[in-house]
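From just these sequences and the hints, can you work out the full model?
Residue numbers (the working numbering), protein chains in the order written: chain A, 1 to 581; chain B, 1 to 581.
Because the hints were derived from the structure by calculation, they are not lab data.
The structure displayed is predicted, hence computed values, not measured ones.
Honestly, I wouldn't trust all of these hints.
In silico EDC-like links for lysine to aspartate or glutamate, alpha-carbon gap of 16 Å or less [unchecked claim]:
no., chain 1, residue 1, chain 2, residue 2
1, A, K59, B, E521
2, B, K565, A, E401
3, B, K381, A, E401
4, B, K60, B, E91
5, A, K60, B, E521
6, B, K522, A, E275
7, B, K59, A, E528
8, B, K266, B, E349
9, A, K126, B, E91
10, A, K60, B, E125
Number of protein chains: 2
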Amino acid sequence: MAETLRIALAQTNTTVGDFKGNCRKIIEYINKAKNTGAEIVLFPELTIPSYFPEDLLLKKRFVQDNLKYLDGLAAKVRDIIAIVGFVDLDEKTGNTHNAAAILNQGKIAAVYHKICLPNYSVFDEKRYFVPGDRPMVFDCNGSKIGLNICEDIWVPDGVTECQAFAGDAEVILSLSASPYHKEKRKIRVEIGATRASFTRAIVVYLNLVGGQDGLIFDGNSFIVDHRGELICECAQFIEDFAVADLDLAAVRQFRKEDATYHYDKKAYKSLYQPELVSLSPHVRKKNLPDATATCKVPLSHLEEIYQALVLGTRDYVRKNGFAKVVIGLSGGIDSALTAAIAVEALGRENVIGILMPSDISSEGSVNDSLDLASNLNIETKTIPISQALDIYLTLLKGTFEDRPVDSTEENLQARIRGNILMALSNKFGWLVLTTGNKSETSVGYCTLYGDMAGGFAVIKDVWKTLVYELCNHINSFAQRDVIPRAIITKPPSAELRPDQTDQDSLPPYDLLDAILEQFVEKDKTVKEIIAEGYPREVVKRVARLVDINEYKRRQAPPGIKISRKAFGKDRRMPITNQYQT
Amino acid sequence: MAETLRIALAQTNTTVGDFKGNCRKIIEYINKAKNTGAEIVLFPELTIPSYFPEDLLLKKRFVQDNLKYLDGLAAKVRDIIAIVGFVDLDEKTGNTHNAAAILNQGKIAAVYHKICLPNYSVFDEKRYFVPGDRPMVFDCNGSKIGLNICEDIWVPDGVTECQAFAGDAEVILSLSASPYHKEKRKIRVEIGATRASFTRAIVVYLNLVGGQDGLIFDGNSFIVDHRGELICECAQFIEDFAVADLDLAAVRQFRKEDATYHYDKKAYKSLYQPELVSLSPHVRKKNLPDATATCKVPLSHLEEIYQALVLGTRDYVRKNGFAKVVIGLSGGIDSALTAAIAVEALGRENVIGILMPSDISSEGSVNDSLDLASNLNIETKTIPISQALDIYLTLLKGTFEDRPVDSTEENLQARIRGNILMALSNKFGWLVLTTGNKSETSVGYCTLYGDMAGGFAVIKDVWKTLVYELCNHINSFAQRDVIPRAIITKPPSAELRPDQTDQDSLPPYDLLDAILEQFVEKDKTVKEIIAEGYPREVVKRVARLVDINEYKRRQAPPGIKISRKAFGKDRRMPITNQYQT
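This is the structure in structure tokens:
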């Protein structure tokens with residue numbers, strides 16, 4: 001019975017549907033792992049198709065192709081155990097499973113089917129998969145190892161306990177694709193530590209990294225030992241690779257000496273028995289290089305969010321085949337933050353800023369944008385919109401008759417700007433990044449086909465108050481005013497009518513954001529929020545604005561989820577809805 | 001033991017979240033049913049909140065409010081059994097159930113929890129509900145009646161058989177909210193007849209009617225007797241009410257004489273035992289008026305689709321609080337069909353047509369639109385767009401430099417038109433109806449923020465070939481050319497560059513639609529479609545166009561589902577997707 005187990009963590013960034021590229025990357029990491037003498041190399045959930053293919057899974061051939069690639073991969077795996085995620089197909093029933101394959105000596109040695117399928121928040125796994133019905137433990141040189149997939153480890157008194165107690169697993173491997181939101185890291189490590197310390201097993205949690213449409217997978221894979229101590233933590237938001245020696249002897253010793261362990265084990269043993277898979281014995285190498293696993297220092301709260309936005313932007317742009325992006329620079333803080341993120345994600349040479357002043361625009365809006373562009377060292381173009389607005393007003397004069405000026409004219413300006421950005425996008429193949437934040441997206445303080453026009457909404461899930469924090473963070477990190485001070489200090493304004501500020505139409509942002517967080521992210525109702533001490537009329541108005549603007553959000557571009565509940569498939573509200581919240 | 005059972009079918013059109021209005025309507029129909037002497041009145045699935053509240057269900061108070069309304073309703077029900085759908089809450093676990101309540105003598109006499117929860121196609125019921133674990137049969141004057149909810153009756157060897165065989169149910173009541181698609185009627189009646197003839201029970205299928213965002217519930221409730229014969233069929237696409245006398249004596253006699261019935265019953269009896277609920281005996285009235293149930297003649301194939309589009313448009317517009325709609329009339333067949341549907345749905349006085357000719361527009365496009373408007377007797381306004389286009393081209397000249405003219409300039413024209421329609425919408429509170437069909441939505445032959453700009457996409461799920469059929473149908477039904485002949489006969493064109501026709505960019509529509517049907521609705525891959533004999537290069541190009549235009553569809557307005565698979569939550573494709581179909 002081996003005293004230690006050397007395991008490699010391959011925290012890869014794959015692309016949905018890119019079987020060829022994903023398998024090339026898997027092979028690369030397998031070879032890297034072999035060079036370190038690792039006995040096992042672990043990949044994220046659904047490695048081969050990448051997470052999450054959504055309705056591509058309903059195309060039979062997609063699933064068959066993924067199986068072909070798995071077979072091709074298996075044939076190439078020798079002298080190491082590689083564990084990869086894939087979609088399994090039961091030919092008899094036609095059922096598909098979210099699965100993991102243990103590849104060993106040129107073959108698929110065993111397959112595990114995920115038992116707990118998440119079907120909440122952004123997840124729809126029950127739409128696609130049939131749950132597995134049996135936990136699995138495999139034997140590697142006499143050590144028992146439990147194999148888990150993502151949600152399996154989140155459910156208490158479930159798969160993990162069964163593997164450790166009934167199946168005697170000393171190590172639990174979790175293949176994951178766990179999307180990022182603020183403070184998710186802490187929650188995940190706690191889950192890992194809770195399962196590890198209760199089962200007195202080492203938990204190896206391997207998470208996907210990369211952006212897929214609006215979801216960010218932050219990597220940050222980790223290992224927790226049998227006492228619940230974090231012994232390895234991979235980088236956040238980038239590909240990473242770590243090799244760890246797991247001290248199995250220590251696990252055994254600890255279990256022997258721990259009286260309550262035997263009590264807990266007994267309580268579980270009778271419930272169910274996991275499948276036990278034996279692998280052909282594996283020859284351990286001598287004179288291995290040292291294991292490299294360390295605990296990387298986690299990013300600060302703001303840096304974590306910033307890196308999520310950078311990765312999300314980079315992966316959406318690159319994985320969709322774009323080279324450059326174009327951003328309308330209004331002189332406001334939202335477009336400034338968006339531009340700064342884009343430069344970090346794509347390089348300054350791939351970001352073009354467009355200034356589109358009107359007669360209403362303040363002098364500051366142009367100068368501040370030029371300062372920003374100069375700080376970021378990006379190209380700009382200036383295209384004034386007044387003439388276009390005049391023409392529209394002339395064309396519409398007969399129809400509008402003597403109706404008073406209202407938000408129609410404001411929206412027209414925003415839409416002219418949207419048209420110009422889209423024309424540049426069409427002509428030069430640049431992707432338009434929109435700049436709306438979560439506060440305005442919530443209450444509909446934005447123009448459909450105007451400032452909402454574009455391919456990707458970088459800060460769609462970022463409250464306005466957090467926009468300020470992030471800008472200050474960027475400046476303090478850079479130790480200079482990348483975002484010009486004037487942009488941060490001036491009162492926010494859409495500049496769509498003279499002397500307008502956001503606070504003419506909206507409550508102050510700190511109050512607005514606090515109410516919105518309760519209403520949008522925590523699903524509280526007006527009455528509940530008022531009961532918490534927020535002003536009645538403001539709460540009612542804000543809730544109503546959120547509800548009646550669902551139609552706008554339905555036509556918004558996708559954006560990066562950084563909160564517990566983002567707009568999009570995370571929050572599926574009917575448009576037709578007469579409920580009085 | 002009663003020989004007959006008088007049942008009332010209340011095929012209601014309710015609105016999501018409108019608890020007050022929905023309950024008012026329920027009371028109205030209960031009273032109507034009592035006047036006919038019915039012993040039972042049946043309502044659709046989730047009657048109180050209406051189907052489907054989506055993430056409103058995650059708001060605790062929404063569920064609590066629905067329970068309050070149920071209690072209020074129950075207190076008012078006397079001298080009849082009313083069966084209504086609602087959301088049940090288990091206070092201990094916090095679990096919610098898709099439920100039906102049997103209301104009797106001022107009380108909730110019993111509650112059933114739906115067992116089969118659909119989580120495919122447009123359905124996400126497992127996101128919200130925990131399945132029930134016990135079929136239910138209740139006793140009404142000595143007759144055994146099984147209560148089912150929607151999906152329960154679709155699953156073979158399931159709830160229905162258990163109720164009839166193990167629970168001796170003579171009647172199966174199914175509360176449904178089954179969305180419409182082409183030819184769904186036949187499928188539903190067949191399911192009803194199959195269950196009825198196998199269990200030798202009378203099946204009463206009560207379906208919701210009305211539009212909810214993109215989904216149409218077509219009503220068309222029906223009764224199938226124990227031999228599988230259709231004995232009642234309600235109207236399609238409108239509220240309806242029917243009263244039927246169910247011949248229980250005939251069911252009993254039939255079962256007695258049918259040897260295989262006893263064999264089938266025995267086979268099921270041992271499996272599970274449904275819950276049996278006894279209701280307080282109900283005094284039957286004398287001298288009742290005759291039952292009114294008849295089999296209404298089903299609509300023809302084209303009339304059915306047309307009525308689905310009419311109902312979908314009317315309910316989206318009205319339930320969202322709009323009075324009038326505005327439509328850009330291009331002189332083409334798509335806007336003509338959309339306008340005709342809107343007039344049927346809302347009345348001619350609530351439809352405004354806008355002509356927005358450019359220098360490229362043919363004379364026909366204006367004249368044909370005016371003819372159409374005159375046939376439909378709707379108001380029009382003409383706003384030419386050439387000056388606006390000129391300004392944009394001037395503004396962009398410096399940036400475009402000497403780049404050749406391409407689709408950018410075409411998109412600009414479409415976006416100017418979009419802006420004008422939206423300006424009218426903003427100024428007058430009219431809802432913009434978009435006019436894109438499914439063929440162009442599939443391949444992205446449409447302009448984001450241009451012709452795609454608007455609140456509701458009436459014919460989004462209608463193939464171009466079907467657009468023609470529907471226009472001919474409208475004309476032949478009206479026995480005059482409501483849609484001018486010229487619009488039907490001219491070659492389709494976007495008229496965004498001189499002498500353009502759709503067939504410059506796309507394969508002929510009959511070929512295109514046939515390929516798209518395989519690829520989009522049947523989830524076949526390129527190889528499979530080619531294997532069926534379609535031209536290789538065309539199939540490859542069409543599939544590629546569908547895949548790369550997912551980003552456009554993500555920002556499209558909702559529209560009416562009439563096919564087995566519509567765009568939207570029925571087809572959840574990733575944008576970031578490198579799969580080579």
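Hint check:
1. For a cut-off of 16 Å, the pair hint linking K59 (chain A) to E521 (chain B) stands: about 11 Å separates their Cα positions.
2. For the proposed pair K565 (chain B) and E401 (chain A), the alpha carbon gap of about 44 Å is over 16 Å, so the pair is violated.
3. At most 16 Å may separate the alpha-carbon atoms for a hinted pair to count; K381 (chain B) and E401 (chain A) meet this at roughly 13 Å.
4. Note on K60 (chain B) and E91 (chain B): the hinted pairing holds, with a Cα-Cα distance of about 11 Å set against a maximum of 16 Å.
5. Under the criterion of a C-alpha separation no larger than 16 Å, the hint pairing K60 (chain A) with E521 (chain B) is consistent with the structure, at around 13 Å.
6. Restraint check for K522 (chain B) and E275 (chain A): the C-alpha separation of about 37 Å exceeds 16 Å, so the hint is violated.
7. Of the pairs offered as hints, the one joining K59 (chain B) and E528 (chain A) holds, with about 11 Å between alpha carbons and a cut-off of 16 Å not exceeded.
8. Restraint check for K266 (chain B) and E349 (chain B): the C-alpha separation of about 63 Å exceeds 16 Å, so the hint is violated.
9. This hinted pair does not check out: K126 (chain A) and E91 (chain B) have alpha carbons roughly 25 Å apart, beyond 16 Å.
10. Of the supplied pair hints, the one linking K60 (chain A) and E125 (chain B) is violated, its CA atoms being roughly 24 Å apart against a limit of 16 Å.
In summary, the numbered hints that this structure violates are 2, 6, 8, 9, 10.
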